[in-house]
Every structure is written in C-alpha cells, then in structure tokens.
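Same order as they appear, the protein sequences are chains A and B.
Per full-length UniProt numbering, the very first residue in the first sequence carries number 1; after that it's consecutive.
Per full-length UniProt numbering, the very first residue in the second sequence carries number 1; after that it's consecutive.
Just so you know, the hints here were simulated from the structure itself, not pulled from any lab data.
Beta carbons are placed, not taken as given, at the ideal position from N, Cα and C, and that holds for glycine.
Heads up, a few of these hints could be off.
[Stated by the list, open to error] So the derived list for chain A, only partly shown, Cβ under 7 Å to chain B, looks like this:
1. P66
2. T82
3. Y145
4. L174
[To be verified] Listed below are the simulated DMTMM-like cross-link pairs for lysine to aspartate or glutamate, each with C-alpha atoms no more than 25 Å apart in a straight line:
5. K40(A) - E29(B)
6. K183(A) - E230(B)
7. K140(B) - D123(B)
8. K112(B) - D146(A)
9. K183(A) - E42(B)
10. K40(A) - E42(B)
11. K178(B) - E225(B)
12. K50(B) - D160(A)
13. K15(A) - D160(A)
14. K20(A) - E225(B)
15. K73(A) - D103(B)
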Amino acid sequence: MSNVKSITLPLTKEKLKDLKCGDRVSLSGVIYTARDAAHKNIVTDLVEGNEPPISLENQIVYYAGPTPPKPGKVIGSCGPTTSSRMDSYSPRLIEKGLTGMIGKGPRSKEVIDAMVEHSAVYFAAIGGAAALIADSVKSAEVVAYDDLGPEAIRKLEVEDYPCIVAIDSEGNNLYELGVEQYKVVD
Amino acid sequence: MKQVTTEKITEAVRELCIDAANDLPHEVEGLIQQAAKEEESEFGKYSLEKIEKNIKVARDENVPMCQDTGVAVVFVEVGQDVHIVGGALTDAINEGVRQGYTDGYLRKSVVKDPVFERVNTGDNTPALIHTDIVPGDNVKIQILPKGAGSENMGFLKMLKPADGLEGIKGFVVDSLAKAGGNPCPPVIVGVGIGGTMDKSAFLSKKALSRTAGEPHPDPRYRQLEEELLEEINKLGIGPQGFGGKVTALAVHIEAYPTHIATLPVSVNLNCHAARHKEITLTGEGGTINV
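Hey, can you work out the whole structure from these sequences and the hints?
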C-alpha cells in the first residue's frame with residue numbers, strides 16, 4: 001500500500017494533479033458537509049442564477065449527515081453516505097469550481113466526465129466507520145440550511161482526515177480496477 | 001392474565017435503540033473478523049481493519065458506529081395470552097423510539113411525507129412496526145436500525161414458477177452486482193421467497209433479523225444460502241466496493257408457501273453494520289438477548 005499523502009486544504013487544481021487512484025490521503029483544513037437536500041438547494045440556486053450559500057471554488061464537499069454531538073464533543077459519528085445519490089447534482093458543482101468530493105461507493109459516468117473535464121478528485125472514506133472518523137473533526141459549525149437538521153451544510157475543520165483516492169482527475173477508477181482484479185469467471 | 005405495561009415497553013424500546021446503534025452483535029463482529037482473515041485485496045483488508053477498529057471504538061465510547069442510525073424497524077411478537085395495559089402499543093413503541101433517538105444522541109432520519117413534505121420529523125418517528133400475534137404470554141421486541149445506503153439497494157421480482165432455482169439464483173446474484181459498492185459491503189443478504197409480492201419483501205427484511213450467519217433449518221435452503229454466498233463472493237466487489245474476495249458475510253433466506261402461478265423473490269441488503277437487539281418482556285421484567 002502506498003504511503004499516506006498529507007494534503008493541506010484548500011485543494012487547488014495544482015495540488016490535485018499529484019493525487020492518483022489508489023493513493024491513501026490525509027486531509028487537513030476546511031471541508032463542507034452536504035448531502036441530498038443541500039445539493040438540491042445548491043443546484044436550485046445555480047439554476048436560478050443565485051449564489052449558493054458557500055463558495056465552491058477549490059472546495060471539498062463531504063457527503064455526510066452526522067449524529068448530534070454528545071456533551072463536550074464537537075461532532076457525533078460522522079462517516080460518509082452513498083455518493084451515487086448526489087450524481088445528478090455533482091457535475092454542476094464541479095463546473096462551479098468544486099475540486100473534491102468525499103463519500104462512499106461508485107460514481108456515474110457523467111460525474112467522472114465532469115471530473116476529468118474540470119479537474120476534480122473523488123475520495124472514498126470507509127462507510128460505517130463513523131465513530132473512528134469523528135476523531136479527525138476538530139470543529140463543526142452549521143453555515144447553511146439549519147432547518148434541514150442532519151442535512152444542513154456544516155463547515156468542518158478536519159485534521160488528518162483519512163481517505164483513499166477512489167477516482168482521480170484522469171478518470172482512473174478504483175471501483176472498476178479493483179473489482180476487475182477479483183472477479184471470478186467460471 | 002399476565003400484564004405488560006406500555007411504560008415497560010417504552011423503556012425497553014428506548015434502551016434497545018441506543019444499544020443497537022452503539023454495540024454491534026458479537027456474531028456480526030465475528031463474521032467481519034473472519035472476512036478480514038480471508039480477504040486478500042489491499043484496500044479490502046484496509047477497510048475491514050478500520051471497520052473492526054470502529055466497532056470497538058463505538059462500543060467502548062458508547063457512540064453510534066455509523067452516523068446513519070436508520071429508521072427503527074421493530075418486530076413485535078405479542079403472546080395471545082398477555083394483556084398490554086396503559087395505552088396503545090404503537091404509541092408506546094414510538095415513544096420509546098423518540099426517547100432513545102433523542103437521549104442517545106442518535107440521528108433523526110425520518111421525513112414526514114415521502115413526496116410532498118420531506119421535512120424531518122425531528123425524533124425519528126414513526127417507527128416501522130411489524131406486529132405478530134403468537135402463542136404464549138410474552139412480548140418479544142426486536143429492533144433493527146436500518147440504514148438507507150443498504151436499503152436503497154433492495155430489489156423485488158415476480159419470477160415465473162418455470163424460472164425455478166436457477167431463476168432465483170440469477171436474480172439474487174444480479175441484484176448484488178447492481179448494488180456494487182453502494183450498500184457498504186461486506187453485506188448480509190436477506191432473501192424472501194414465496195408468498196405474495198408484499199410478503200416476499202417482508203420476508204427479506206425478516207431474514208435480516210436472524211442471528212447473523214445462522215443457517216436456515218431446512219437443509220435445502222441451507223444449501224441454497226451457501227451456494228448464493230459463494231456466487232456473490234465471485235463478483236469481486238469486495239469490502240466497500242474496492243475489489244476483493246468478501247462481498248457478503250452471509251445469506252439468509254426466508255420462504256413461504258405461494259400461489260401455483262407465481263414465484264416472488266425479494267432481496268433486502270444490510271450493510272456490515274448489521275445492527276439489531278431484542279428483548280423478551282415476561283411481565284416481570286425482561287431478558288436482553290443480543
């Protein structure tokens with residue numbers, strides 16, 4: 001397994017060129033949680049010509065809706081949700097400068113095409129390892145759509161957030177390459 | 001007649017919700033440990049290592065292992081010789097869910113209406129309650145917090161009787177291939193066969209409430225479970241979909257008599273965080289089985 005690459009955010013297009021499919025990465029800096037309802041709202045803003053509540057330029061969205069924090073904690077359990085539900089929205093965010101997405105599971109061809117065209121990376125975190133992942137979140141603040149509860153957009157300050165480059169900016173895809181290697185054909 | 005109070009039911013459901021979210025059943029953990037020994041893929045091994053560590057952290061710190069603490073699927077078996085006193089059973093269960101998800105700092109993931117009002121109900125109610133009247137004078141309550149990542153990858157097909165065993169196998173394996181890395185593999189596969197359309201779907205969920213890895217009592221279905229597990233693991237999807245030998249930890253089948261003209265089959269998947277807890281209320285307290 002490759003050595004872990006430490007990345008300080010924001011993720012500029014220059015920095016992400018070095019990230020290759022299968023790299024283990026450790027992210028430090030600001031990321032934003034956004035999932036189904038937040039994506040719908042952001043894309044509605046973009047379609048109507050309004051500015052979304054967060055700037056997308058060189059930013060990373062994390063498909064996550066955490067559990068409420070216990071007293072004295074900054075966040076509850078905070079793992080990734082299934083990314084494919086955001087596939088219909090992601091290309092528009094990528095066109096607006098989004099450079100990274102963190103989630104779990106494969107992505108559609110349309111998303112990968114947009115990633116290659118505009119230069120963006122898809123990181124996979126381990127789904128269901130949410131208690132472990134919470135340790136790397138140092139602060140959390142709701143910055144938009146408070147009424148959506150767990151689906152609100154949260155600004156997270158992370159330190160050494162562990163993930164894997166599942167699809168890189170050239171379209172190399174771990175979900176295809178890995179499965180191909182282990183598929184047994186009788 | 002033996003009595004069980006709704007107060008006791010609420011208290012039990014509250015505890016079960018919190019325990020289920022934070023403490024994975026040991027038999028599921030055992031299957032994951034076994035998978036970690038068998039897995040050869042680099043990223044598969046890495047994923048399973050993290051998953052194993054996460055189970056321990058969640059248990060030790062008493063926090064949810066996954067942020068998707070699910071909708072509360074509740075299977076209740078009410079003995080026909082027991083009297084429930086103090087109010088409606090459904091209200092008592094929903095109150096337990098409300099208290100458990102609030103007091104346990106679990107995520108509330110239920111929206112009020114699926115189409116026209118996707119507004120969070122704020123307390124994870126209503127629960128999905130399946131009640132069965134059984135002989136005896138106990139009340140057995142089983143809770144499965146069901147995450148949507150794996151739930152979304154469920155499939156149902158009305159096969160023809162002529163499709164037979166091969167048709168069933170093909171449909172189940174195809175379903176897993178379509179689900180790919182989405183449902184947080186390695187998964188537990190619930191298969192419901194027979195009955196009507198709705199019955200097969202119910203059975204596929206009920207199959208997930210069985211102790212993980214426990215085979216079907218009928219040797220023919222046990223063999224089918226084994227064959228399906230082998231075929232599914234040939235798909236190469238692996239832990240988290242990164243490629244690998246272990247895509248499923250177990251296959252559980254539930255079957256029911258059906259019409260001469262039909263063969264319904266449903267597939268309901270559970271992620272590796274296959275959580276469930278149960279309690280049997282005897283009227284004088286209860287015994288928790290995990």
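Exercise. Within a Cα-Cα threshold of 25 Å, do K15(A) and D160(A) meet the stated pairing?
Worked result: 17 Å, holds
Exercise. For the pair supplied as a hint, K178(B) and E225(B), is the alpha-carbon distance within the 25 Å limit?
Worked result: 19 Å, holds
For this session: Given the hint that K40(A) pairs with E29(B), test it: the Cα-Cα distance must not exceed 25 Å.
Result: Outside the cut-off at roughly 37 Å; violated.
Exercise. Are the Cα atoms of K140(B) and D123(B) separated by 25 Å or less?
Worked result: 23 Å, holds
Exercise. Does the nearest C-beta of chain B fall within a distance shorter than 7 Å of the C-beta of T82(A)?
Worked result: 4 Å, holds
For this session: Let me know if the C-beta of P66(A) comes in closer than 7 Å to any C-beta of chain B, holds or violated.
Result: This hint holds: P66(A) lies near chain B, its Cβ roughly 5 Å from the closest one there, short of 7 Å.
For this session: Given the hint that K112(B) pairs with D146(A), test it: the Cα-Cα distance must not exceed 25 Å.
Result: 17 Å, holds
Problem set entry | Interface hint compliance - L174(A) to chain B, C-beta minimum distance less than 7 Å | Because about 6 Å separates L174(A) from the closest Cβ in chain B, which is inside the 7 Å limit, the hint holds.
Exercise. Does E225(B) lie within 25 Å of K20(A) when you go C-alpha to C-alpha?
Worked result: Violated: K20(A) and E225(B) sit about 39 Å apart, past 25 Å.
Problem set entry | 25 Å limit on alpha-carbon distance, applied to hinted pair K50(B) and D160(A) | Holds, because 15 Å separates the two Cα atoms, which is no more than 25 Å.
Problem set entry | Given hint D103(B) paired with K73(A) - CA-CA distance at most 25 Å | 15 Å, holds
Exercise. Taken at face value, is the distance from the CA of E230(B) to the CA of K183(A) at most 25 Å?
Worked result: 12 Å, holds
Hints 3, 5, 10, 14 from the earlier list are contradicted by this structure; the remaining hints agree with it.
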